[in-house]
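Chemist: Please model the entire structure based on the sequences and the hints provided.
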Amino acid sequence: MPVSLNYIFKRVLLSILVVIGVIVFSYILLLYTPGDPAVKWAGNPRGPEARKAIEIARRELGLDQPIHVQIAQFIYHVFTGNLGLSIAYKVPVSQVITSGFTATLELLIFTYLLAVPLGLWLGIYSALRRGSRFDSFIQSLSVVLASTPTFWLGAIIALISYSTTGFLPYGRVSYKLATSTGFNPITGFYLLDALIQGNYAVFLDALLRIIPPALAISVYPIGVVARVSRTLVAEALLEDYVRSAVAWGVRRNTIIKHFVLKSIIPPVIQISGLAFVYSIVDAMVVESLVFGREGLGSILLDSLHKADFRVTIALAIYLTIFYISVNTIVDIIQASIDPRVKI
Amino acid sequence: MPPSLPFIRLVHRNLRKYRFKIGLSITIAILVLSLVSQYIAPYPREGLGYVPVGEESRRLLPPSPQYLFGTDTLGRDLFSRVIMASRSAIIQAFSVVFLSLIIGLIVGVLAAYFKGLVELVLNYLTELFMAIPSIVIALFFRLTLEAGFHVVIISLVTTWWAWYARITYVYAKGVVELDYVVLAKLSGLSPAKIIMRHVVGVIIQPILVQAISDLGSALLEASGINFMGLGLPPGYPDWGVILYEGISEMGIIAFTRAPWLVFYPGLFILLTTLGFTLLADPLREDLDPRLRRRWKLWF
Amino acid sequence: MVLAVRASGISIGYIDEEEEYIVWAVRRVDLAIEEGDAFCLVGESGSGKTTFANAIAGILPPHVVTRGKLYIFDRLAIDESTWNFNGLRGRVVSYIPQNPGTSLSPFLTIEEHFYHVLRDTLRYDREKSRRAAIEALLKVGLDRGVLEDYPHELSGGMQQRVLIAIALASNAKIIVADEPTSAIDANLRASVLQLLGKLNREYRVTLLIVTHDLASTSIVCNRLAVMLAGKIVETGRTISVLRNPQHPYTKMLLDCIPLLGVKKPLKPLPGEPIQVVEDKAICPFRERCPRAIDKCVEEPPLKPVGDEESHYVKCWILTGGESE
Numbered sequence: 448m449p450v451s452l453n454y455i456f457k458r459v460l461l462s463i464l465v466v467i468g469v470i471v472f473s474y475i476l477l478l479y480t481p482g483d484p485a486v487k488w489a490g491n492p493r494g495p496e497a498r499k500a501i502e503i504a505r506r507e508l509g510l511d512q513p514i515h516v517q518i519a520q521f522i523y524h525v526f527t528g529n530l531g532l533s534i535a536y537k538v539p540v541s542q543v544i545t546s547g548f549t550a551t552l553e554l555l556i557f558t559y560l561l562a563v564p565l566g567l568w569l570g571i572y573s574a575l576r577r578g579s580r581f582d583s584f585i586q587s588l589s590v591v592l593a594s595t596p597t598f599w600l601g602a603i604i605a606l607i608s609y610s611t612t613g614f615l616p617y618g619r620v621s622y623k624l625a626t627s628t629g630f631n632p633i634t635g636f637y638l639l640d641a642l643i644q645g646n647y648a649v650f651l652d653a654l655l656r657i658i659p660p661a662l663a664i665s666v667y668p669i670g671v672v673a674r675v676s677r678t679l680v681a682e683a684l685l686e687d688y689v690r691s692a693v694a695w696g697v698r699r700n701t702i703i704k705h706f707v708l709k710s711i712i713p714p715v716i717q718i719s720g721l722a723f724v725y726s727i728v729d730a731m732v733v734e735s736l737v738f739g740r741e742g743l744g745s746i747l748l749d750s751l752h753k754a755d756f757r758v759t760i761a762l763a764i765y766l767t768i769f770y771i772s773v774n775t776i777v778d779i780i781q782a783s784i785d786p787r788v789k790i
Numbered sequence: 029m030p031p032s033l034p035f036i037r038l039v040h041r042n043l044r045k046y047r048f049k050i051g052l053s054i055t056i057a058i059l060v061l062s063l064v065s066q067y068i069a070p071y072p073r074e075g076l077g078y079v080p081v082g083e084e085s086r087r088l089l090p091p092s093p094q095y096l097f098g099t100d101t102l103g104r105d106l107f108s109r110v111i112m113a114s115r116s117a118i119i120q121a122f123s124v125v126f127l128s129l130i131i132g133l134i135v136g137v138l139a140a141y142f143k144g145l146v147e148l149v150l151n152y153l154t155e156l157f158m159a160i161p162s163i164v165i166a167l168f169f170r171l172t173l174e175a176g177f178h179v180v181i182i183s184l185v186t187t188w189w190a191w192y193a194r195i196t197y198v199y200a201k202g203v204v205e206l207d208y209v210v211l212a213k214l215s216g217l218s219p220a221k222i223i224m225r226h227v228v229g230v231i232i233q234p235i236l237v238q239a240i241s242d243l244g245s246a247l248l249e250a251s252g253i254n255f256m257g258l259g260l261p262p263g264y265p266d267w268g269v270i271l272y273e274g275i276s277e278m279g280i281i282a283f284t285r286a287p288w289l290v291f292y293p294g295l296f297i298l299l300t301t302l303g304f305t306l307l308a309d310p311l312r313e314d315l316d317p318r319l320r321r322r323w324k325l326w327f
Numbered sequence: 054m055v056l057a058v059r060a061s062g063i064s065i066g067y068i069d070e071e072e073e074y075i076v077w078a079v080r081r082v083d084l085a086i087e088e089g090d091a092f093c094l095v096g097e098s099g100s101g102k103t104t105f106a107n108a109i110a111g112i113l114p115p116h117v118v119t120r121g122k123l124y125i126f127d128r129l130a131i132d133e134s135t136w137n138f139n140g141l142r143g144r145v146v147s148y149i150p151q152n153p154g155t156s157l158s159p160f161l162t163i164e165e166h167f168y169h170v171l172r173d174t175l176r177y178d179r180e181k182s183r184r185a186a187i188e189a190l191l192k193v194g195l196d197r198g199v200l201e202d203y204p205h206e207l208s209g210g211m212q213q214r215v216l217i218a219i220a221l222a223s224n225a226k227i228i229v230a231d232e233p234t235s236a237i238d239a240n241l242r243a244s245v246l247q248l249l250g251k252l253n254r255e256y257r258v259t260l261l262i263v264t265h266d267l268a269s270t271s272i273v274c275n276r277l278a279v280m281l282a283g284k285i286v287e288t289g290r291t292i293s294v295l296r297n298p299q300h301p302y303t304k305m306l307l308d309c310i311p312l313l314g315v316k317k318p319l320k321p322l323p324g325e326p327i328q329v330v331e332d333k334a335i336c337p338f339r340e341r342c343p344r345a346i347d348k349c350v351e352e353p354p355l356k357p358v359g360d361e362e363s364h365y366v367k368c369w370i371l372t373g374g375e376s377e
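Protein chains in written order, with my numbering: chain A, 448 to 790; chain B, 29 to 327; chain C, 54 to 377.
Just to be clear, a hint being listed does not mean it is correct.
To be verified - For lysine-lysine, the following DSSO-like pairs were computed, each having C-alpha atoms within a straight-line distance of at most 30 Å:
(1) K201(B) with K221(B)
(2) K709(A) with K181(C)
(3) K356(C) with K704(A)
(4) K201(B) with K709(A)
(5) K226(C) with K192(C)
(6) K537(A) with K499(A)
(7) K226(C) with K181(C)
(8) K356(C) with K122(C)
(9) K704(A) with K181(C)
(10) K213(B) with K201(B)
(11) K457(A) with K143(B)
(12) K201(B) with K457(A)
To be verified - Across the chosen pairs, the derived CB separations fall in these ranges:
(13) L478(A) with E201(C): 51 to 59 Å
(14) I643(A) with E205(B): 54 to 62 Å
(15) Y208(B) with Y256(C): 49 to 57 Å
(16) D511(A) with F177(B): 32 to 40 Å
(17) N700(A) with D316(B): 25 to 33 Å
(18) S85(B) with F581(A): 51 to 59 Å
(19) L655(A) with Y67(B): 45 to 53 Å
(20) L59(B) with R339(C): 56 to 64 Å
(21) G528(A) with P34(B): 23 to 31 Å
(22) V79(B) with L478(A): 33 to 41 Å
(23) L241(C) with I784(A): 27 to 35 Å
(24) I455(A) with R197(C): 26 to 34 Å
The set of hints was computed from the structure by calculation and includes no laboratory data. Yeah, the Cβ is synthetic: ideal placement off N, Cα and C, and Gly gets one too.
Modeler: Printed below as a string of structure tokens:
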């Protein structure tokens, strides 16, 4: 079912409006919160160079120009990825943000590739065996897991891993191993890079280090997807079209596969998308503080501690853009697989 | 009839349910704890974050009759800190949900009731704020304001109200089209009365139930922000802060050398959240006829 | 004569949510439908007619209890509380659902509907099922163009025809139609009914039509039964029942519908349908009956009417108020 361009256009237009709103909002925060915006933008510099750095920041922001020009300029800089040099890392802000995104995305994508199918399976399975011991177990488990703080669970997992195997999952890959085998991160997705280079030692090491945080983060999407798909299957089983299919002699397996599952996939995709954007924050918290992985979380903490205002604000803006993009993409996917959505 | 009356009936109807009883007990226990903890804590000053005299000899002691949950990296009694943190948890969870609910209700109902430009603008604002991760707001506040409750609460409310606005809008949209609301308008009843009595009064129940179950999510998210060190100042009795201190002082080794530092605050977050969830779940099932219907694989 | 459906002493009840009581929708019904009949089950909402039809189609919901026996072409489908519809659904009995808008999966094309039904009942492959589908669609007056459509792209009348075509395609000997005309526009009703009548006459499909609309279905059906509060109160050949209604309820039903060419005052039915929680042996129409007598606190037997062939009625007045 082809999605008409009109729908995509409308959806994307709305998203761009929202993104611009967020950029304006953050610029206004920069201007009107206590303190000189140029000083903040320059990263609260001290010493003899301070005056010069603040002057540069003032010019970069164009603070002497009227406010609408400043905002337009700022929006332009955001979309061209040109927010200057990071104070803390001494490399372009865009580079810092990109490396953070690839690291966190690797963790999140890994998590979701496992979590969504598992949650779907659990939800369907317990719906089809409603009231069974398996069903009530999954129900109670999902309630408990949904109440568990992810970072705490991550710590418990690390603790268990350390006390049983002596392995402490820390960082994205063993630095020593990576240098000794000549591992070269090209895409920034270490698992992918290691596979492409045939570096199985690094792949295994990276895998062992990604699994514990992924486990902790996966709890939320597994719970949400299982819960939602159970309810959806239950509702689908009550649909008139399932009843009529039964009466026409369609077998149980066909009904489940073609009449029930087809109807729950679009809403499951949508709920997974919502869970995904929620998990980004989860991942940032868990990866940085608990598992010591580089990523958006560690960049956030670093930029805060080093008063690297540009990176902080760039992180906030690009995180929001990412949020909205995921939501938009999910909406478009969902609309394109539901034949009822006349677009 | 005030809108809260059917809600009390709803709660009453569910009182005999097992899950509801557990949820209610946990919630009441935490509420009571948050009120009395400063009087029953063995070391209330340490609970508030003051470092005791002679702390070197008291650092990282494992749980014992004297220090029930052990001591932390600065030699403070963890038990006192953890139970006194229940107050911060209650304050954050309730104020975030309450404020978001009020703002969301107003925006959602207005958008549904007054169509046209009002609807368009309010929906755009809702969409805008739904799209911002609360951690981003916390980041902005952390850059510009002193640490404290206001950082956590404002940054969560900034994004949360939009969710309530959205569900209120969806429910209210279904109601304002109904004949009796149209008739009420035609009969010349003032908009304020129609909105309060015939719109809010009708849709409030599922939204209140949603709010109860969100108390848990608010606590989880607030703890996350505090755990990142973005919210409350170090030393403050708060479960997120206690966890953060354990980790920022020692790194991940904290878990292996002093597991109690991590275990107890996390456990209290888990229990409190669980309490809210168990409280809300039976109510939700009660209200949602789709969840009540019997179904099974019958063919 | 082969019996397509034989119910003996069948009761069907719904268990309430708290599993505290059972509402009996069908109570100790005996009924026989011969092969080739077009049988019409008439009654008000809540009379149990749809429940009874669902039992024959094999789609009773899970919170239902049954008693008695139900045979379909001599195969025991319901034996007291156990059901076995394997091999019957689709192959022997097929079904035309009540609501065309919700009875087709919105996620499957019409062709896929046919394919899943025909593969699971007759083991057809894609190609063969497509040919069978085109043939069935032709019978209901639709062309093959609809095969590629999703249900929501069709009009209500077309959806109803598609449902009929699917029910036909697997060559079932009995077709149960639950209120086939209630959800479609008045101008389409006649054509759907004519279509059903044609199927009955030309393809010798046994029809069971459930309806509350006595007037229009009488065109199609050669036999009918009137159901009230889970019981059949009058049954016989359509002409005989319509011309010479015996039961006070049947008479009132006929009084409240307009018949073409007959000038008469229309009278609304008095009273409300009852919900049977306790299956007591009393006449279900007693409280609403204008001619109720003392005897009516007992359940009347189903007695033949005069010399009219197979016309039975369940009323004390007509048996002279005497039990056997």
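Chemist: Give a verdict on every hint.
Modeler: Quick rundown of the hints versus the structure:
Proposed proximity of K201(B) and K221(B) is supported: the alpha carbons are some 17 Å apart, at most 30 Å. As the CA atoms of K709(A) and K181(C) are separated by approximately 24 Å, the hinted pair is consistent with the 30 Å bound. Distance check on the hinted pair: K356(C) and K704(A) sit about 50 Å apart at the alpha-carbon level, beyond 30 Å; violated. At most 30 Å may separate the alpha-carbon atoms for a hinted pair to count; K201(B) and K709(A) meet this at roughly 29 Å.
Proximity of K226(C) to K192(C) is assessed by CA-CA distance (about 16 Å); at most 30 Å being required, the pair is judged to hold. Restraint check for K537(A) and K499(A): satisfied, since their Cα atoms lie roughly 17 Å apart, inside the 30 Å limit. Between K226(C) and K181(C), the direct Cα distance comes to roughly 20 Å. Compliance with the 30 Å bound is thereby established for this hinted pair. Proposed proximity of K356(C) and K122(C) is supported: the alpha carbons are some 22 Å apart, at most 30 Å.
Using a Cα cut-off of 30 Å, the hinted pair K704(A) and K181(C) holds, with the two alpha carbons roughly 22 Å apart. Annotation: proposed proximity of K213(B) to K201(B) holds, straight-line Cα distance about 15 Å (limit 30 Å). The straight-line distance between the Cα atoms of K457(A) and K143(B) is roughly 20 Å, inside the 30 Å bound, and the hint therefore holds. About 22 Å separates the Cα atoms of K201(B) and K457(A), which keeps this hinted pair within 30 Å; it holds.
With their beta carbons about 58 Å apart, L478(A) and E201(C) fall inside the hinted range of 51 to 59 Å. Roughly 57 Å separates the CB atoms of I643(A) and E205(B), a value that falls within the hinted 54 to 62 Å. The supplied range of 49 to 57 Å is met by Y208(B) and Y256(C), whose beta-carbon atoms lie about 51 Å from each other. Distance hint check: the CB atoms of D511(A) and F177(B) are about 38 Å apart, consistent with the given range 32 to 40 Å.
For N700(A) and D316(B), the hinted distance range of 25 to 33 Å is satisfied, since their beta carbons lie about 29 Å from each other. At roughly 52 Å, the beta carbons of S85(B) and F581(A) sit within the given window of 51 to 59 Å. At roughly 48 Å, the beta carbons of L655(A) and Y67(B) sit within the given window of 45 to 53 Å. The supplied range of 56 to 64 Å is met by L59(B) and R339(C), whose beta-carbon atoms lie about 59 Å from each other.
Taking the beta carbon of each, G528(A) and P34(B) are about 54 Å apart, not inside 23 to 31 Å as hinted. For V79(B) and L478(A), the hinted distance range of 33 to 41 Å is satisfied, since their beta carbons lie about 39 Å from each other. Checking the proposed 27 to 35 Å range against L241(C) and I784(A) shows it holds: the Cβ atoms sit about 32 Å from each other. Our hint of 26 to 34 Å for I455(A) and R197(C) holds, since their Cβ atoms are close to 32 Å apart.
Figure legend: structure checked against the earlier numbered hints; hints not met, in rising order: 3, 21.
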